[in-house]
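**Q** For reference, the chains in residue letters:
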Amino acid sequence: MMHYRRYHLWSTLAVLLALCAEASANYAGARLVIVLPFILGAWWVFRDRVVSPVPRWLINILLFSATGYVFFSISRTLQIDPERTVTVLANYLVALIVIKSFESRTPRDQAQLLILTGMLAIAAVLSSITLIVAIFLFAFAPALLMAIMHFQIFTVLHRSFGPAGRPQPEILDAEPASGRRRLHLHDLGRLSAVCSIIIALLGTGVFLIMPRGIGETDFGALARARAGSTVGFSDVIRLTGDGIISDSPSVVAEVEIFGRDGRITLQTQQYFRGAVLDQYDPGARRWQRSRILSTEIDDRQTSRLDNDGRTRWQEDRPPFGRSARAVLDQRVRLFNKTTAHLFALWRPTNIAYRESDVVYLSPVDWTLIRPSRSGFVEYWVRSVPSDEGVPGIDDDSEILSRYRARHRILSRGFRDGPIRDHAVGVLREYGIEFTPDDPLPASRVAGIFERYLRDNFSYSLELQSPTDDTDPILWFLTERREGHCEHFASAMAAMCQSLDIPARIVTGFLTSEFDQVRQAYIIRQRHAHAWVEVEVLESVAVIDEDGEESIREVLRWRRFDPTPSGFLADLNRPDGGLRGWMRANFDRLEQAWILRVVAFDSRAQRQFLEDAGIDAIGPVQWLQSISERIQVGVVPTDRRAEFVQRMVDRIIVTALVLFGLAALWFAYRQWRRSARSHRHHAANSRSRVPAYTRMLKLLRRSGYRRPLGIPPLAHARSLAVVDPDIAGAAVRITDLHYACRYNDHTPTEAQLHAAESDLTLIRSHLNPSRNNHA
Amino acid sequence: MRRRYHIHLSGILFTGVTVLLGIGAINSQNNLLFLVFGVCIGAVLVSGILSGSMMMGLRISRLAVADGIVGVPLRISYSVRSKSRLLAAYAILIRERHPAPGDPITPPISTCIVKVGPGERVRCRALVTPVRRGRLMLSRVEASSSFPFGIIRKSVSIDQPAEVLVLPRVRPVRDAIFESLAARRLQHGLASSSKRGMGDDFWGLREYAPGDSARLIAWRAAARTGELVVRQHTDAPISRLRVILLFSPARNDQDHERIIEAGASIIAAGIDRDIACMLTIPQANLNTPAGLSPSHRHALLRGLAQLPTGTTLAQRTAPLHLEDDAAQIIVTDGYPPRDAPRARVITLEQLDQQVFAPAAEHAP
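Sequence order for the protein chains is E and P. Start counting the first sequence at 1; every next residue gets the next number (this note's numbering). Start counting the second sequence at 1; every next residue gets the next number (this note's numbering).
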């Protein structure tokens with residue numbers, strides 16, 4: 001029973017760790033809380049018993065129900081959100097594990113439980129690759145190894161001694177020849193530790209050597225993991241729905257900023273721009289990027305910042321070279337890119353990254369779009385202050401006039417409505433009378449709106465929406481007067497647009513948290529923020545590439561942040577004390593994990609192999625050529641059926657090839673077995689007592705062949721019914737053969753001679769007429 | 001000694017999952033999946049090396065096995081020695097490979113050893129209950145283990161032929177069978193005795209003791225002496241007993257086995273009662289001398305164990321010549337023979353009522 005208890009303990013531990021890993025990967029903490037009592041209850045119930053108190057029919061009903069439900073869920077999920085399929089399957093695995101935890105402890109059922117646990121861990125890997133998941137998996141692996149080892153012992157005991165695995169009283173546990181009874185199961189722990197270390201080293205070796213960047217998407221979307229949802233940023237603002245905004249401290253990115261004089265280490269607020277939203281849809285109650293911008297202007301004028309090789313990647317300094325302007329160079333490490341947006345300060349003009357890829361820069365809203373690549377992304381970006389014009393773009397009157405014309409269309413929704421009335425009323429409070437024919441200075445109006453919202457409204461993380469058909473922006477301005485940054489930004493942008501002042505909402509991150517150890521700004525989920533940019537006419541200094549400065553009247557976008565600043569300061573303040581210290585160190589560990597493991601790509605691998613003195617270019621190129629030959633690629637939706645058919649054909653061919661190889665292998669094994677059997681028989685026939693071999697032949701010819709399964713000595717004795725003399729001689733010869741074969745005895749000359757004599761006697765008794773003639 | 005690797009379903013499944021993980025890792029470029037793939041590869045390698053090294057140093061042998069008895073657990077001991085200096089062997093399953101097909105004498109024989117440490121010699125036993133008498137041919141002993149991860153099973157087997165005789169079952173026998181045999185002897189005038197017993201001849205008088213039957217009171221003597229006295233009779237002795245087994249060709253093997261079981265039980269009970277027993281099986285040309293030692297008992301039971309199945313015995317043609325003065329009992333599954341008038345004949349249908357004692361009668 002002791003063996004069973006140990007197995008039970010380790011298997012329960014492995015199950016718990018797998019559940020924790022999967023819950024961390026899929027953010028399913030609530031499900032973990034529900035499942036945990038069942039697992040612990042099963043451990044308690046089965047501590048000293050192997051037979052389940054739950055009837056078998058009930059378990060079968062639960063299993064069938066779970067299976068039926070998952071088929072139904074998957075069919076729906078595939079239509080709505082295919083990426084959630086892994087989550088649905090993970091839920092199914094969890095349900096199976098819970099049900100099977102209450103089954104009787106038989107080897108077959110426990111083997112199934114261990115297999116399900118392993119599959120759950122794989123599901124966790126497919127879902128997320130964060131540090132916390134890795135920690136659970138690193139703890140899970142040795143627990144599973146110990147459980148499997150104890151399972152082997154439990155299985156043999158069960159097979160030999162029955163369901164309870166208890167040796168019967170008459171049977172001793174294995175005892176040493178010395179007579180002392182010892183059970184060294186604690187050595188199993190050492191063996192498991194050694195095995196774990198060796199396996200970890202081998203696994204690390206495979207991890208380091210397996211080629212990267214080769215074979216990617218050869219099999220379509222197979223095993224493409226969801227990148228997770230650690231980014232709090234959103235490129236759409238929805239003003240509906242209730243709930244609470246998350247203030248999660250999960251790190252989203254880290255940014256190193258370099259100015260003209262070097263690295264900037266001030267704990268000042270930095271606005272990292274992501275998406276620009278300039279159109280409000282009153283029906284859907286959301287802000288989005290206008291399609292007009294997306295199609296007409298961007299398609300024709302968007303710059304493609306191809307990584308054309310002119311900008312060489314630098315590890316420790318900006319790769320862009322010196323500039324006469326005041327620029328900010330940022331090195332951004334985005335840990336889990338889930339949208340197409342990249343983030344940058346001010347107004348980006350140059351970008352550099354390692355991979356050959358395309359990034360789009362919009363000339364009108366300065367957003368950076370990188371459609372491909374998700375997960376860990378690293379890049380250098382150069383930004384100029386938004387209040388400085390950029391020659392060739394800002395003085396392109398055609399672009400700007402078209403944009404402004406389009407903007408008048410966009411702002412039509414607010415022009416004749418209660419929001420305009422409210423905006424006029426606000427201006428009146430601040431001593432400005434609005435007349436439609438006398439346009440007001442945009443900067444002044446925007447400043448008044450900003451001050452108005454900051455001084456008269458309060459911040460709340462709680463999400464609420466009006467219960468009736470009232471527009472959320474109007475409801476916020478007139479009734480609620482409390483909300484979060486999106487409400488503030490929406491209200492200000494709406495009021496500006498209602499007065500024909502071009503305004504847009506920018507979503508991104510606002511952070512002032514600077515990590516002295518990493519010398520970088522830390523961006524967390526809770527730093528997600530929304531603010532407003534308003535187009536104002538100002539006299540600004542424009543510096544061209546030659547460094548010559550000139551004063552121009554330009555329309556430029558200026559940042560306004562109507563969110564009360566006091567709360568923002570609270571949100572950006574890092575945790576203090578022990579919690580803050582632990583948080584900061586965990587963040588550093590996670591960043592190191594992402595940089596060293598998650599982001600281990602072909603470049604890092606090549607560097608590692610070069611440092612190790614291994615030339616990997618040749619094999620890598622060979623693998624690359626193979627990958628290109630079997631390239632399946634990303635298949636467009638309209639060719640999905642053809643792709644599926646091709647995949648099925650490939651799978652069938654692969655299966656046939658594998659089957660053929662397996663058949664060949666089994667045939668080879670069979671041939672080897674028969675060859676070994678021949679050799680074995682030949683070895684047997686080549687006894688060290690030649691008389692024995694000849695005696696067997698003689699008996700066989702005389703009709704006294706030894707039956708299969710009858711030991712030689714027994715057969716010899718049975719010849720007594722034929723002739724006692726023959727039996728006696730046969731027994732003597734067989735005895736000698738036994739001694740040579742099994743006791744390592746070397747026959748003497750006298751013994752061999754005596755055996756020959758016995759053989760002669762047998763021959764004479766079996767063929768007396770022949771002997772007489774002789 | 002033969003060493004083999006067995007690849008079974010769990011190993012095939014694990015290999016398939018590993019291949020899928022590799023394909024998934026390459027396709028998704030998920031580094032954690034690469035790590036998991038590497039761990040699986042490592043597990044396969046470690047499993048193969050560890051299980052092979054573990055079994056390589058094992059030497060197994062079967063220790064001498066005593067004769068068994070049907071229905072009585074048979075102990076078969078094994079000795080396993082590890083020649084390895086570093087590795088212990090875990091979860092070793094030891095099995096006997098029966099060479100002969102057909103109806104087995106025992107269920108599959110297996111036992112297990114949890115651990116054999118480096119340089120240790122460990123003994124273990126398998127307990128198996130034979131279900132049929134006869135010769136149990138043991139040929140090959142196999143020790144196997146799928147430790148540590150159950151991916152690959154490695155086995156080591158040796159050829160160690162041995163023959164174990166399984167004796168027929170001995171059941172408790174009614175006392176009445178021997179009493180009736182004694183009575184028959186007296187009836188035929190073959191014996192008298194100077195011992196007290198339950199016979200018919202007068203032996204003497206004694207004082208009445210509480211519990212004596214009222215029918216035994218000698219009233220006339222009691223009237224003369226004025227005290228209650230009871231009669232005592234002589235014993236009807238059996239000093240030698242011949243057990244004759246006759247098999248009918250019309251019966252099946254199961255009936256024959258019952259006859260053999262009855263014969264064995266009578267012989268064992270008789271020898272236990274200090275009666276010299278002989279065994280006669282005309283159809284097998286078996287006619288043993290009398291004896292009452294434990295070794296003679298064992299020899300008779302061994303003779304019964306080696307008896308071929310009843311259906312292979314020749315039909316009896318010669319008459320029974322039972323001319324000695326031993327008590328005779330014929331156990332048959334056919335018609336009662338007519339050429340043995342002195343013998344007590346018990347047919348198959350009478351075994352339970354007249355031979356075998358119910359369990360309570362001989363309960364401790």
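Hints listed in this document are in silico derivations from the structure and should not be mistaken for laboratory results. Please note that a few of the clues may not be correct.
Chain P regions said to be covered by chain E (calculated; three or more residues, Cβ under 8 Å) [what the hints assert, rightly or not]:
1) 42-49
2) 84-94
3) 106-114
4) 134-148
5) 156-163
6) 267-277
Chain E side only, calculated, beta carbon under 7 Å to chain P, not exhaustive [claimed, not checked]:
7) I153
8) P319
9) I652
As the structure is a computational prediction, the values presented were derived from the model and not from experiment. From the three backbone atoms N, C-alpha and C, an ideal C-beta is built for every residue, glycine too.
**Q** Look at each hint and say if it fits the structure.
**A** Consistency of the hints with the structure:
1. 42-49: Contact hint for the region 42-49 of chain P vs chain E: holds, 4 residues under 8 Å.
2. 84-94: It holds, with 5 qualifying residues against the three required.
3. 106-114: holds (count 5)
4. 134-148: holds (count 7)
5. 156-163: As far as the region 156-163 of chain P goes, the hint holds, because 4 residues have Cβ atoms under 8 Å from chain E.
6. 267-277: violated (count 0)
7. I153: 5 Å, holds
8. P319: 25 Å, violated
9. I652: Status violated, d = 16 Å.
Hints 6, 8 and 9 from the earlier list are contradicted by this structure; the remaining hints agree with it.
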